[in-house]
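Enquirer: Next come the chains, spelled out residue by residue.
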Amino acid sequence: MGNYVYQFNTGFYLETLPNQKIQAPIVIPYRTNQLQNSIIDNNVIIAKENSEVTVMIDYKSKDDLDNRAASRETLDMKDLNEVFHNGLTRIYLEKGATVNLIKIQSLLDTGNHFDTCIASLQDNAKINFVLIELGSRNSITNIKTDLNGAGSTAEIHTVYLGHKDRKFDINYLVNHYGKETKSKIEVKGALLDKSSKIFKGTLDFKKGAKKSVGQEEEYAVLLSKEVRNRSVPILLCSEDDVSGQHAASAGKIDENKLFYLMTRGFSEADAKKLIIEAAIGPIIDLIPLEEIRTSIYDGIRRRLAHEL
Amino acid sequence: MREFRLKSLEIYDKTELPTWGPSLSELDMDNIVTYVRPDTEMKGNWSEVPEEIKDTFDKLGIPKAERESLAGVGAQYDSEVVYHSIREELVKLGVVYTDMESALHDYEDIIKEYFMKLVPPSDHKFVALHGAVWSGGSFVYVPEGVEVSYPLQSYFRLNSPGAGQFEHTLIIVEKGAKLHFIEGCSAPKYNVTNLHAGCVELYVKEGATLRYSTIENWSRNMLNLNTKRAIVEKDGAIEWVSGSFGSRKSMLYPMSILKGERARSEFTGITFAGAGQHLDTGTKVVHAAPYTSSTVNTKSISKSGGTAVYRGSVRVAANAHHSKSTISCESLMLDDFSRSDTIPVLDIMNDEVEIGHEAKIGRISDDAIYYLMTRGISEEEAKAMIVRGFAEPIAKELPLEYAVEMNNLIKLELEGSIG
Chain A
1 MGNYVYQFNT GFYLETLPNQ KIQAPIVIPY RTNQLQNSII DNNVIIAKEN SEVTVMIDYK
61 SKDDLDNRAA SRETLDMKDL NEVFHNGLTR IYLEKGATVN LIKIQSLLDT GNHFDTCIAS
121 LQDNAKINFV LIELGSRNSI TNIKTDLNGA GSTAEIHTVY LGHKDRKFDI NYLVNHYGKE
181 TKSKIEVKGA LLDKSSKIFK GTLDFKKGAK KSVGQEEEYA VLLSKEVRNR SVPILLCSED
241 DVSGQHAASA GKIDENKLFY LMTRGFSEAD AKKLIIEAAI GPIIDLIPLE EIRTSIYDGI
301 RRRLAHEL
Chain R
1 MREFRLKSLE IYDKTELPTW GPSLSELDMD NIVTYVRPDT EMKGNWSEVP EEIKDTFDKL
61 GIPKAERESL AGVGAQYDSE VVYHSIREEL VKLGVVYTDM ESALHDYEDI IKEYFMKLVP
121 PSDHKFVALH GAVWSGGSFV YVPEGVEVSY PLQSYFRLNS PGAGQFEHTL IIVEKGAKLH
181 FIEGCSAPKY NVTNLHAGCV ELYVKEGATL RYSTIENWSR NMLNLNTKRA IVEKDGAIEW
241 VSGSFGSRKS MLYPMSILKG ERARSEFTGI TFAGAGQHLD TGTKVVHAAP YTSSTVNTKS
301 ISKSGGTAVY RGSVRVAANA HHSKSTISCE SLMLDDFSRS DTIPVLDIMN DEVEIGHEAK
361 IGRISDDAIY YLMTRGISEE EAKAMIVRGF AEPIAKELPL EYAVEMNNLI KLELEGSIG
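The listed protein sequences correspond, in order, to chains A and R. All residue numbers for the first sequence refer to our numbering, where the first residue is 1 and numbers rise by one. All residue numbers for the second sequence refer to our numbering, where the first residue is 1 and numbers rise by one.
Bound conformation, chain A alone (with noise of 0.2 Å):
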């Protein structure tokens, strides 16, 4: 392991007994503020087997959504220019173990945003990851997955916004090692004004991993002229028993559904915004808390709205 790992400022370490189900999910909520810009989080989990956990991360600058239109004029932009977020999250799921992952990052969009998260199956385990990923300036994420044990499964739902000149590379990759294995990736999100995106998701059905199916799907609405869009979806195949799917559209939102809500007596605005939570409520209703639900509703009303 490379020196990094040891020089984190944060992290948690999580480990459930066999057999244990967590009813409510554990939320660990990570700030960033004045005093403290930067965030390097260290986190393990562990997931015995046959036991099932809900964890919560939220990545949030403390002054971004509730004070930073109030606060803008009396804080010191420079620290808040710098808000830096590097973190780490490793999952290791014993035999028949499920992990609920869901990582919501609202930084704030002058800051920057690495995160890096690799989960590691055994027979039957599943893992769902759920990614909202709504601010930064350049929010870089990675996800490993490795499907070692027979039957196991991988989920990964993420929801992107972007709007200014934010910059968003996203790079998942499932490695279908063992027999009957399953993943899913969908990747929905939205791009405004001078936002960019990169998508690269990777299916490798390796080699043994029969009946395997792996599919990935992803949408993006392109709501400016500016936007940049680009999408690389592969599927690497050395098993012939197996079944790949992927599936790619963007453009921009439909004008039929478009009209329609506005003979209704929806506003442009308000149709367009019904419009992209339908495309992306199904993942953001994922998250089984009411509250933290309803403040990326929030989120994402505001940065359309430019109020962010």
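Think of the hints as simulated: they come from the structure by calculation, not from any bench. All the pointers check out, no bait thrown in.
The list that follows gives simulated cross-link-like pairs (lysine to aspartate or glutamate, EDC-like), each with its CA atoms no further than 16 Å apart: (1) Lys207(A) with Asp336(R); (2) Lys210(A) with Asp335(R); (3) Lys194(A) with Glu352(R); (4) Lys383(R) with Asp241(A); (5) Lys252(A) with Asp347(R); (6) Lys207(A) with Asp335(R); (7) Lys211(A) with Asp367(R); (8) Lys211(A) with Asp241(A).
Given chain A, put chain R in place with the hints provided.
Expert: Then chain R, alone, in the frame of chain A:
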């Protein structure tokens, strides 16, 4: 031209091998002969072509096809074109179909204006090599408004061991004109590595249509590093039909640049990778004008340890509003020691677009085979039938004799290997 060649060579020496795709380490340029002259002059009459060369082409059915359904034929043997002919009535309309060497003398101005302007030697290492050592190839010029109703065909045959073929094809289809061009490639098998680094430049002018069909069935000792590119003006259309069967390693990505408004491109391709083959193929489309559209439809089959890769890119420039693109890639794997990869890139710099991409990888379903077998069809035949069905949409696009050839090839490939 000599200066151009020297400059290209300089670029070649400076440029690194690509860092992606199949490994080209086995290529030893010192062992590749860049120019092999067949022992004959170019002929305009088939009966004058030397017996041995004629025999080779006869077996490939070239002059027969010409008599039946083609407007003109050119045949290249090693580095030079040995036979060229074109129907009388087309000549009267001003259609030019000749070998590149003759064109260099007879149509100097046109060559100067177009030669390696679309694919400059600085593009990549092998196109630089092509610029330095090119020989042979075809030149086609279709004047404004002329519709060539029969396809023109060029056939490239590489017969000498350890040789490289570097033919240059330059086609200019003027305003409102129409052409279908067919290119066939083959070579017998030798134990040394052969190299094919041809270059195809297609200029499709306003409202013109060009269909470019290729069947590459090089022998299994061939490295096929071909560069093909088309530039399409306003309302023009390029249609690529591409079949890649032979060669040991292929890196082939025909590119369409949609330069004018409402220009469109269509790419239909099939790749069949058998034992020992690594075929890295795909296409590239650049939408550089408003209201342009592109369709990409590819199928790949891999078996007996072969590797088939689709590698493609579709790029929509910021000014190309109201562009549309549909990409569909399907891969079929016939056993578990073959490999099939799909690597598509979509790069969109505009919001007024409709882009859709779809890909599927899979095997022949046991249910389908079982069903056919209950209907009294042997397992072998059932598999062949499914593979043929998979390839059918592509075969439909091919000229008849090539479609037959493809089906035979599939049958041949599948025979005795399934059981």
